[in-house]
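As a plain string of letters, each chain reads:
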Amino acid sequence: MKLYRINAVFLRHLILVPRDLNRFVELIYWPFMDIVLWGFMSFWVQKESLTAELPLILLTALVLWSLVYRANMEISYSLLDELWSHNMVNLFSSPLTFSEWVVAVLMLGIVKVLFVFFYSIAAIYFLYSLNVLSLGLSLIPYALLLIISGWSIGFIVTAVICFFGQKLQTLVWVTAYLFVPFSAVYYPVSSLPVWAQKISYCLPMTYIFEGMRELVATGIVNRYYLLWATILNIVFCVVSLLFFKYIFEKTKIYGLARLERFE
Amino acid sequence: MNAPILVSIKNLVKIFYPGWITASRPFVAVDGISFDIHEGEVLGFLGPNGAGKTTTIQMLLGVMKPTSGSINYFGKDLSTHRSEILQHVTFASAYARLPSRLTIAENLDIYGRLYGLSQRDRKARIEELLTLFGLWHKRNAMTGPLSAGQMTRVMLAKAFMPQPKVVLLDEPTASLDPDVAAEVRNFIWQQQHEHKTAFLFTSHNMAEVEEVCDRVLILKRGSIVANSTPAEIAARISKTRLHLLMCEQKDQARIYLQTQGYIFKEGPHNFFEIEIDDHDVAQLLVDLAREGIDYSQISIDKPRLEDYFLQIAKNN
Chain A
1 MKLYRINAVF LRHLILVPRD LNRFVELIYW PFMDIVLWGF MSFWVQKESL
51 TAELPLILLT ALVLWSLVYR ANMEISYSLL DELWSHNMVN LFSSPLTFSE
101 WVVAVLMLGI VKVLFVFFYS IAAIYFLYSL NVLSLGLSLI PYALLLIISG
151 WSIGFIVTAV ICFFGQKLQT LVWVTAYLFV PFSAVYYPVS SLPVWAQKIS
201 YCLPMTYIFE GMRELVATGI VNRYYLLWAT ILNIVFCVVS LLFFKYIFEK
251 TKIYGLARLE RFE
Chain B
1 MNAPILVSIK NLVKIFYPGW ITASRPFVAV DGISFDIHEG EVLGFLGPNG
51 AGKTTTIQML LGVMKPTSGS INYFGKDLST HRSEILQHVT FASAYARLPS
101 RLTIAENLDI YGRLYGLSQR DRKARIEELL TLFGLWHKRN AMTGPLSAGQ
151 MTRVMLAKAF MPQPKVVLLD EPTASLDPDV AAEVRNFIWQ QQHEHKTAFL
201 FTSHNMAEVE EVCDRVLILK RGSIVANSTP AEIAARISKT RLHLLMCEQK
251 DQARIYLQTQ GYIFKEGPHN FFEIEIDDHD VAQLLVDLAR EGIDYSQISI
301 DKPRLEDYFL QIAKNN
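Those sequence lines, one after another, are chains A and B. Going by our numbering, the first sequence opens with residue 1, and the numbers climb by one from there. Going by our numbering, the second sequence opens with residue 1, and the numbers climb by one from there.
Incorrect hints may have been included.
Claimed, not checked - Pairs of lysine-lysine, BS3-like flavour, derived with a Cα cap of 30 Å:
no.: 1; chain 1: B; residue 1: K123; chain 2: B; residue 2: K65
no.: 2; chain 1: A; residue 1: K112; chain 2: B; residue 2: K123
no.: 3; chain 1: A; residue 1: K252; chain 2: B; residue 2: K123
no.: 4; chain 1: A; residue 1: K250; chain 2: B; residue 2: K123
no.: 5; chain 1: B; residue 1: K265; chain 2: A; residue 2: K252
Stated by the list, open to error - Facing chain A, from chain B, some residues (calculated, C-beta under 7 Å):
no.: 6; residue: L61
no.: 7; residue: M64
no.: 8; residue: L114
no.: 9; residue: T240
no.: 10; residue: R241
no.: 11; residue: L245
Bear in mind the hints are in silico, worked out from the structure with no lab data behind them. Positions of the beta carbon are idealized from the N, C-alpha and C atoms, including for glycine.
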């Protein structure tokens, strides 16, 4: 065993840490986000006298959050898959339009999101004998709004990757998670510090998860929350889609072929 | 050429300005080029590395925006009729790839769908093209593990899935065995003559370009430096070289060539190399016979496109 060879391999990987966003994210982002998320959650659990509904609240939140995450992922991942396959130029030198591509990936997203949604509900039922569907049809508007929230995040992330290329591909996995602490997914907005609450109330997901907790606790759909979630969703989704379209056209200045290279 | 113009490029410019993506200085990749491609024409598009060929092709495919200038297909502007135009324009490159976890047939089927082919047409076209390119037995193989030559043939099949009017081919025979490359050239010839398909053809194989292309554009640092037939371009820098092995009248031959003003070199064993215009060869041979100057061997080296290309590359 030679120390200089060990050193060579050690250095070969160490040099890449500050240069490679993927490695940087693993060291900084994920540990920090876990601390933030589970920290807020711990304080909420400690402070509140916990109800019998807590497992249902948490697991419903988990299922609903998976809608945001999956809806976001499907858009960005579809683009990345074309880049990894070196298929971007093939695809966009055919008659296919930007709008057609977007609709296709949204349709794919809906199919996969619905699969994950019902699969998760079934898993929760069989593992924990908790029925998320007991919330009834009221769950449908919440689910639809969360899918749209996921699309908004997906459009932004995909636009950024479209402009900067594959070197920022890790954003596909990390961006949605950035919204978890502020969207009150696993704990109410009131558990957050005041500055974080201000951010929280700007996000459509917050109103949905607050509404979901109220639905589980009281069985009542809060229309105020639904209204705000709808308004914010429309604004975010339209703006993010326009941003994506703008960036897609902008990236043609440098050429779509550039995106197929990892540089 | 009297055939209708299918592609018309006017003053096409591409400048990469400094930004987040590019280098610190503006770079002129394509510098105001103009050319047409006629129906049924194979236009060679040549130039050293970095001359602007790939950038031009990307602009012609609509996947890169020109800085200025216009690209018209079938009399319509690509920037405003993109989808309609690309229904009839396809491309294949030796360096392009397709999704690796789809089979060859699945990939071609997807592209058939993108061009709006019916299920029956897709099936028939896939069988026809894969048989032609010798890949029918591989139709259910994933594209990922294919060799470069097989992948190139799949890309060619993809390009011909719809019956295109214009095909942009970026080094289509680069990784093919000579026999397959010859089949591809035959296929291009067939498409050109039977369907009047127009081709823009890039290759580093000058012999192939001379064989396949009706006309050649040579690009150097983003500008067109030659636009003519391969033979005419080659003749610009070198004349035909006529090699004669004289019988006995070596001195007589030398005097005759000198007096007639020919440029020639003498080699060992009565060997003469004469630089001459292609169309003067026959007359010189008649004149030598009239002068009673006999030769025992003759060979004619015509000017080659490669000579011109090498000179361009050397000066690039």
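Violating hint indices (sorted, rising): Hints 1, 3, 4, 5, 9, 10, 11 not satisfied by this model.
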